[in-house]
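Chain order of the listed sequences is A and B.
Under the numbering used here, the first residue of the first sequence carries the number 186, and numbering increases by one thereafter.
Under the numbering used here, the first residue of the second sequence carries the number 38, and numbering increases by one thereafter.
Hints are not guaranteed to be accurate.
[Said to hold, decoys possible] Here are the simulated DSBU-like pairs of lysine-lysine, each with C-alpha atoms no more than 35 Å apart in a straight line:
| hint | chain 1 | residue 1 | chain 2 | residue 2 |
| --- | --- | --- | --- | --- |
| 1 | B | K297 | A | K405 |
| 2 | A | K249 | A | K326 |
| 3 | B | K79 | A | K432 |
| 4 | A | K541 | B | K119 |
| 5 | A | K389 | A | K407 |
| 6 | A | K541 | B | K297 |
[Said to hold, decoys possible] Rough simulated footprint, nothing fancy, chain B against chain A, three-plus residues with beta-carbon under 8 Å:
| hint | segment |
| --- | --- |
| 7 | 292-300 |
| 8 | 412-419 |
| 9 | 444-458 |
| 10 | 523-531 |
[As the list claims (entries may be wrong)] Derived contacts from chain A toward chain B, CB cut-off under 8 Å, selection only:
| hint | residue |
| --- | --- |
| 11 | K268 |
| 12 | N502 |
| 13 | G511 |
Quick caveat, the hints were computed from the structure, so don't treat them as lab data.
No residue lacks a Cβ here, since even glycine has one placed at the ideal position from N, Cα and C.
In case you want the letters, here they are:
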Amino acid sequence: MSKEPDIVKNAICTFCGCVCDDIELTVDPDGKRITKATNACVLGKSWFLEHKVEDYPVAMINGKEVSFEEAVEEAAQVFVNAKFPAIYGLSDTTCEAQKEAVAIADYLNGNIDTTTSVCHGPTGMAFQGVGESTASLGEIKNRADFVMYWGGNPAEAHPRHFERYAVTAKGMNTPNGKEDRTVAMVDIRPTSSSLIADIFLQIKPGSDFELLWAMRAMVKGKALDNTLEERTGISMEKLENLVERMKNCQFGVIFFGMGLTMTRGRHFNAGALLELATDLNDFTHFVALPTRGHGNVTGADNVVSWQTGFPFGVNFNRGYPRFNPGEFTTSDLLGRGEADALCVIASDPASNFSQKAIEHIKSIPVISLDPKPSVTSQLARVAFTTATYGINVAGTVYRMDNVALKLRPAFKSPFPSDEEVLRAIKHRICELRGIMINKTAAA
Amino acid sequence: MKLSLHTQPDVPLEADVIFPDLLLEKTVSEAAALEIFHGNEKTTLGDFFTITDENNDGTVEVEGDLSKVKLLGSGMSFGRLKIIGNVGAHLGAGMSGGEIIVEGDAGDWVGREISGGRIIIKGDAGHMVGSVVRGSSIGIQGGEIIISGSVKNELGNGMRRGLIAVGGDSGDFTGVNMKAGTIVVLGQLGQRPGAGMVRGTIISTHNAELLPTFTYDTTYRPTVLKSIFIYLRKLGFSLDDEYINGNYQRWSGDSIELNKGEIFLYAE
Ligand code: SF4
Numbered sequence: 186m187s188k189e190p191d192i193v194k195n196a197i198c199t200f201c202g203c204v205c206d207d208i209e210l211t212v213d214p215d216g217k218r219i220t221k222a223t224n225a226c227v228l229g230k231s232w233f234l235e236h237k238v239e240d241y242p243v244a245m246i247n248g249k250e251v252s253f254e255e256a257v258e259e260a261a262q263v264f265v266n267a268k269f270p271a272i273y274g275l276s277d278t279t280c281e282a283q284k285e286a287v288a289i290a291d292y293l294n295g296n297i298d299t300t301t302s303v304c305h306g307p308t309g310m311a312f313q314g315v316g317e318s319t320a321s322l323g324e325i326k327n328r329a330d331f332v333m334y335w336g337g338n339p340a341e342a343h344p345r346h347f348e349r350y351a352v353t354a355k356g357m358n359t360p361n362g363k364e365d366r367t368v369a370m371v372d373i374r375p376t377s378s379s380l381i382a383d384i385f386l387q388i389k390p391g392s393d394f395e396l397l398w399a400m401r402a403m404v405k406g407k408a409l410d411n412t413l414e415e416r417t418g419i420s421m422e423k424l425e426n427l428v429e430r431m432k433n434c435q436f437g438v439i440f441f442g443m444g445l446t447m448t449r450g451r452h453f454n455a456g457a458l459l460e461l462a463t464d465l466n467d468f469t470h471f472v473a474l475p476t477r478g479h480g481n482v483t484g485a486d487n488v489v490s491w492q493t494g495f496p497f498g499v500n501f502n503r504g505y506p507r508f509n510p511g512e513f514t515t516s517d518l519l520g521r522g523e524a525d526a527l528c529v530i531a532s533d534p535a536s537n538f539s540q541k542a543i544e545h546i547k548s549i550p551v552i553s554l555d556p557k558p559s560v561t562s563q564l565a566r567v568a569f570t571t572a573t574y575g576i577n578v579a580g581t582v583y584r585m586d587n588v589a590l591k592l593r594p595a596f597k598s599p600f601p602s603d604e605e606v607l608r609a610i611k612h613r614i615c616e617l618r619g620i621m622i623n624k625t626a627a628a
Numbered sequence: 038m039k040l041s042l043h044t045q046p047d048v049p050l051e052a053d054v055i056f057p058d059l060l061l062e063k064t065v066s067e068a069a070a071l072e073i074f075h076g077n078e079k080t081t082l083g084d085f086f087t088i089t090d091e092n093n094d095g096t097v098e099v100e101g102d103l104s105k106v107k108l109l110g111s112g113m114s115f116g117r118l119k120i121i122g123n124v125g126a127h128l129g130a131g132m133s134g135g136e137i138i139v140e141g142d143a144g145d146w147v148g149r150e151i152s153g154g155r156i157i158i159k160g161d162a163g164h165m166v167g168s169v170v171r172g173s174s175i176g177i178q179g180g181e182i183i184i185s186g187s188v189k190n191e192l193g194n195g196m197r198r199g200l201i202a203v204g205g206d207s208g209d210f211t212g213v214n215m216k217a218g219t220i221v222v223l224g225q226l227g228q229r230p231g232a233g234m235v236r237g238t239i240i241s242t243h244n245a246e247l248l249p250t251f252t253y254d255t256t257y258r259p260t261v262l263k264s265i266f267i268y269l270r271k272l273g274f275s276l277d278d279e280y281i282n283g284n285y286q287r288w289s290g291d292s293i294e295l296n297k298g299e300i301f302l303y304a305e
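Assemble the whole structure, with the sequences as input and the hints as a guide.
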């Protein structure tokens, strides 16, 4: 007798920072794959439909299959014997797992950092430096009549951003969707996103800061020299026109991506944009939001912040948290050869860090947690295969506007979740270190 | 007192006990027992350094490859700290007096948030020399940082008072968010010098591209530059007479802030 397929309504896609929560999943009766993902975009569809339960070992030590317990023991030993254990990744897992990772860093007096440090870390630094004027995506959908994207290509990276939140989305005060909005795009080349823009500024590469600074001067009515066009590729007249429209809108928003934060100037670029939004509040309501990439990178910032006081790049070596991007951010400290053990959760630094950092990764014991094999997991001393969050694992994730959402997983995985692995390692570390904790409590 | 590194640290060594105020009051064995952090592990100074009581002239000398040793001379208020070799991050952090001399290169955050004293580096230094710590807005409030070589980004970020002189080039955002004080760069300034500066002076003996929010005032021969350059000569910088007596363009900025900052660029 054939079973009816299971339907999961309002499931959440964690593939990108949009974290769409209106997906309807059809689960095959065998409970091992998803056959349909209604409402999801192309990226979301392939995220759900291509997910299979593979036949990987649950855990490996030096490439050899071992039991879960043996791997936990080995990982805990690596950790307690390290003088500078570094934990990294965390953007593609649940907040519950992130919380365990912070606890481990704390018990070990180690270092904790997330992939924020290599994407919107500069934004985090800018928030701290200049503040943030922000809104939820719901508010933007309902109110924003001026929408600007700076240094990002949402049509490809966040395909439903336009439709669900900011461009074609119809809201309370924007009943006609795009017709009620002015859409501006700033990028160094035309993209599939810029096609829909009412105003497109193609700027010279590396001139974001100059342009933002000029816009700030215009908004504040301050002196500006006339070399702007030569330097940024944007004429004074065009910019004046744009600034006027920004000052005269009802509710403006600037979304910014890694095209701004990861180019020369980094946190100053992000800071300049946040300050521009602040300056515009002298005239109208204006907010600025980073478009975050990974599904729960915003959750990582939130969890690390509420547990340590800082969003990423946090060090506990001396028993209390210290924050210093550049010093305690993983790519930098590995590049200087500083950590003596590394734990990577759902990330692949061995394939995308600098050569110097990768060389150092190869020279120290690595613990990896990943649903799929990666370059990092292949060179890891201890590698765990974990269940995929959102598809197999329940928990909490944060959308890019810091709104927390509960995951609705489709089916069970034979693999443990990141949270279970990290909690088991944490308990073993506490036993080895003689730290008393309440094992039954979720914390 | 002399300290020689006998064991290379595997991970950063936070040796914030190495400063004259503390060490000059200790005997050799007391100094060797001082606690430091090797990563997350508490160890003692003696585990890494051979300590001898060599000179009694108020100088603490440290030698070896100290590139993984952080916080040397932090918080010092008098005496001399002489370092022979390369040194790691946060050298002289928060110092208020005394002198540090480094015969080698230094890491990032040299002299962050100092309020007095003098730091002399014979080689190059890293990012954030004489700057704020992340999250605060006021950098150095006095003192002098003299670097013979080049430095990286954010030299003098948030500086409030004092003098920073660099013999080589500086990185991007030199003097960013400066409140006051003087920065001299005898080499090339990186991109966007003086961004967000309120007051203060940045001087370079080379030309530089400034932000659109800086305006050209005039070209002249300011006497004050002459005095600064003659002072730098005394500190050991080799400076041709043409720079000392030359004409300089004066630019005002940053207009987004008070517009009371000044940048002087050599104009022959
Ligand atoms: S926009 Fe992002 S979160 Fe939404 S369905 Fe597509 S990939 Fe998933």
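Do the hints match the structure? See the list:
no. : hint            : in the structure
1   : B:K297 - A:K405 : holds (16 Å)
2   : A:K249 - A:K326 : violated (51 Å)
3   : B:K79 - A:K432  : violated (57 Å)
4   : A:K541 - B:K119 : holds (31 Å)
5   : A:K389 - A:K407 : holds (23 Å)
6   : A:K541 - B:K297 : violated (43 Å)
7   : 292-300         : holds (count 3)
8   : 412-419         : holds (count 3)
9   : 444-458         : holds (count 3)
10  : 523-531         : holds (count 3)
11  : K268            : holds (3 Å)
12  : N502            : holds (5 Å)
13  : G511            : holds (6 Å)
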